[in-house]
Amino acid sequence: MRGRFGGVEPICTVLAAHGISIAPSTYYAARKRQSTPAPRTVRDEELKERIKEVYESNHQVYGARKVWRQLNRQGHEVARCTIERLMRELGVAGAVRGKRVITTMPDPAAARAPDLLDRDFVAPAPNRTWVADFTHVAAWSGVVYVAFVVDTFSRRIV
Numbered sequence: 455m456r457g458r459f460g461g462v463e464p465i466c467t468v469l470a471a472h473g474i475s476i477a478p479s480t481y482y483a484a485r486k487r488q489s490t491p492a493p494r495t496v497r498d499e500e501l502k503e504r505i506k507e508v509y510e511s512n513h514q515v516y517g518a519r520k521v522w523r524q525l526n527r528q529g530h531e532v533a534r535c536t537i538e539r540l541m542r543e544l545g546v547a548g549a550v551r552g553k554r555v556i557t558t559m560p561d562p563a564a565a566r567a568p569d570l571l572d573r574d575f576v577a578p579a580p581n582r583t584w585v586a587d588f589t590h591v592a593a594w595s596g597v598v599y600v601a602f603v604v605d606t607f608s609r610r611i612v
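End of the sequence shown = 612 in our numbering, gap-free, step of one.
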């Protein structure tokens, strides 16, 4: 820099004349940072690769706590706050458990369905009594409803 322009000092003088005061040491410090990265920066880049591996291999659901535990099990001694910071920089976050799905809206004034089995769920022979139920299951695509019919004699799904 010194050979062509006479060093950094003339540039700093011109900038100071325009209201931007920068010390020459600021330039040299920035140049040094660019040429040799700090040890923390080097370690952060290594850890970011490890975090991506753990995050991807676990279907992108692990949060900072689980990633931190996994890395410590693999022998990478690192603080949890470091994992949290690096995950923020990477823009990745663990899956957030959602609220419970409300499947029905009960109407207290509605009449209750009659109990045709009289709570007797034992049948004397196959295919005499079938009962049905449904439930919901959380899947990757959202909530999936599953309905099934069971024979009360064999306890098998029909």
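Because the hints were derived from the structure by calculation, they are not lab data.
A few of these clues could be false.
Simulated restraints, written as ranges between beta carbons of each label pair [to be verified]:
| no. | residue 1 | residue 2 | range |
| --- | --- | --- | --- |
| 1 | T490 | E531 | 41 to 49 angstroms |
| 2 | R542 | I611 | 41 to 49 angstroms |
| 3 | D574 | V612 | 39 to 47 angstroms |
| 4 | R573 | R542 | 20 to 28 angstroms |
| 5 | A563 | S595 | 33 to 41 angstroms |
| 6 | H472 | R527 | 41 to 49 angstroms |
| 7 | I465 | H513 | 28 to 36 angstroms |
| 8 | P562 | E507 | 50 to 58 angstroms |
Straight-line Cα separation of at most 25 angstroms, PhoX-like style, residue types lysine-lysine; simulated pairs [what the hints assert, rightly or not]:
| no. | residue 1 | residue 2 |
| --- | --- | --- |
| 9 | K553 | K520 |
| 10 | K486 | K506 |
| 11 | K502 | K520 |
| 12 | K502 | K486 |
Where a beta carbon is used, it is the ideal one built from N, C-alpha and C, also for glycine.
Outcome of the hint check:
Judged by the Cβ atoms, the range 41 to 49 angstroms given for T490 and E531 is violated: they are separated by roughly 24 angstroms. Taken as a hint, the range 41 to 49 angstroms holds for the pair R542 and I611, whose Cβ atoms sit roughly 47 angstroms apart. In this structure the supplied range 39 to 47 angstroms is violated for D574 paired with V612, their Cβ-Cβ distance being about 19 angstroms. As the Cβ distance of R573 to R542 is approximately 55 angstroms, the hint placing it in 20 to 28 angstroms is violated.
As the Cβ distance of A563 to S595 is approximately 36 angstroms, the hint placing it in 33 to 41 angstroms holds. In this structure the hint that H472 and R527 lie 41 to 49 angstroms apart at CB is violated, the actual value being about 56 angstroms. In this structure the supplied range 28 to 36 angstroms is violated for I465 paired with H513, their Cβ-Cβ distance being about 52 angstroms. One distance hint, 50 to 58 angstroms for the beta-carbon pair P562 and E507, holds here, with the actual separation near 53 angstroms.
For the hint pairing K553 with K520, the CA-to-CA distance comes to about 21 angstroms; that is within 25 angstroms, so the pair holds. Under the criterion of a C-alpha separation no larger than 25 angstroms, the hint pairing K486 with K506 is inconsistent with the structure, at around 29 angstroms. In summary, the hint linking K502 to K520 is supported, as the alpha carbons are separated by about 15 angstroms, within the 25 angstroms threshold. With a C-alpha separation of about 23 angstroms, the suggested pair K502 and K486 falls inside the 25 angstroms cut-off, and the hint holds.
Hints 1, 3, 4, 6, 7 and 10, counting from the list given before, are not met by this structure.
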